[in-house]
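Residue numbers (this note's numbering), protein chains in the order written: chain A, 1 to 218; chain B, 1 to 233.
Any given hint could be a false lead.
Stated by the list, open to error - Quick list of in silico lysine to any residue cross-link-like pairs, SDA-like style, CA-CA up to 25 Å:
1. K223(B) / V62(A)
2. K169(A) / P37(A)
3. K75(B) / L122(A)
In case anyone wonders, no lab produced these hints; they're calculated from the structure.
Predicted, not measured: the structure shown is a model, and the values here were computed from it.
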Amino acid sequence: MALSREQMAMRVARELQDGYYVNLGIGIPTLVANYIPDGMEVMLQSENGLLGMGQFPTEDEVDADMINAGKQTVTAVTGASIFSSAESFAMIRGGHVDLTVLGAFEVDVAGNIASYMIPGKLIKGMGGAMDLVAGADNIIVLMTHASKHGESKLLTKCSLPLTGAGCIKKVLTDLAYLEIEDGKFHLKERAPGVSVEEIVEKTEGELVVPDHVPEMQF
Amino acid sequence: MSGFDKVVNSYEEAMAGLEDDMTVIAGGFGLCGIPEGCIAQIKKMGTKGLTVVSNNCGVDGFGLGILLEDKQVKKMVSSYVGENALFMKQLLEGELEVELTPQGTLAEKMRAGGAGIPAFYTATGYGTLVGEGKDVREFDGRNYILEESITGDFAIVKGWKADRYGNVIYRHTAQNFNPMAATAGKITVVEVEEIVEPGELDPTQIHTPGIYVDRLIQGTFEKRIEQRTVREA
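Just chain A, with the same shape it has in the complex (with noise of 0.2 Å):
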């Protein structure tokens, strides 16, 4: 079975380590915050200038000013600190974020994203991404494997426009965990139920396969 997008969560949630500042992107990523382990603290930074987002706010706590970058109403945990876009970037750019996971249309095997736009289609913007990946050492990539149709989107090169180039080195997807290296995807876990023979056909870039590939335990 493929992983829900609640497992996609969890297994991301098990990247986390206790002291860890933590941006999350818009989508199944945001999903990551529900699963950080009991006794574990995490930070999360949302771009717009909040670092220790919280929950979001009971309807007598809700405040116009307290946003994430999603533009829903949030909360701060205790220790939080709210700062400037130019300092919210600063943190990202310069290398200061644990961790960040984000969603995409397209990965290639040369470590290509594209997910902010399709031509003709969607020119909403890339918003903070562009910065998040080429600012992250440790990213993960939180995507369906292939499209509605079973297209591929684990490629040879990305066809979409980028927003970054050679960034990504962790692809969490509804069928496998896999990395790349040496211009080549690398699968490393499976979803429960899934086999290798379905993940080779739906990964359409180079793929490495070692002899025994575990599967991921919920």
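Using the hints provided, position chain B relative to the given structure of chain A.
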């Protein structure tokens, strides 16, 4: 107005001198911390051909979105413009130009502009459409593109409190692009919720020192929420 007193009493006075084809830098992220009164005044003045530098372009009918209604904006420099149907329509019909700029690069362009730095190298956008045609230089084995800074004829800024000298404090995440915008205008107009006397704000807590501020006005704000998201109490 005398000495360091920056207070003006009307938005007419606050935006006096704005002319067609000028560049306006606006603070705000989404609808959070936007200079609502200055935007309304620009709409009222009917100034056309504006280049507006702002992370977003409001929504249909609110924020910078209202300047699209009478086609006052020639060009937007923004990182994300996805919340606005009229914007998309004008863009696709060629009535509006957009320069999509990565959010961190946009913040840095304003910051550098205000700090007298004409350009800077950044890794953001290298190897993408954003980097096309820009100077590339390698530092320590990594490629960077040269980005030029931005200054505006006007900067319009939303603060929380300010003293009459224009020392400004922002509230929560309504800070966002406002402090950088404030530094980058030839004429910087700040609208705030409350104006106090000099000495009432703690000098160590000031976000924008008064030296950057030319005109200060007290406004009233709707503070519309774009995505009201709540949990059960």
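Q.
Tell me the hint numbers this structure goes against, listed in increasing order.
A. none
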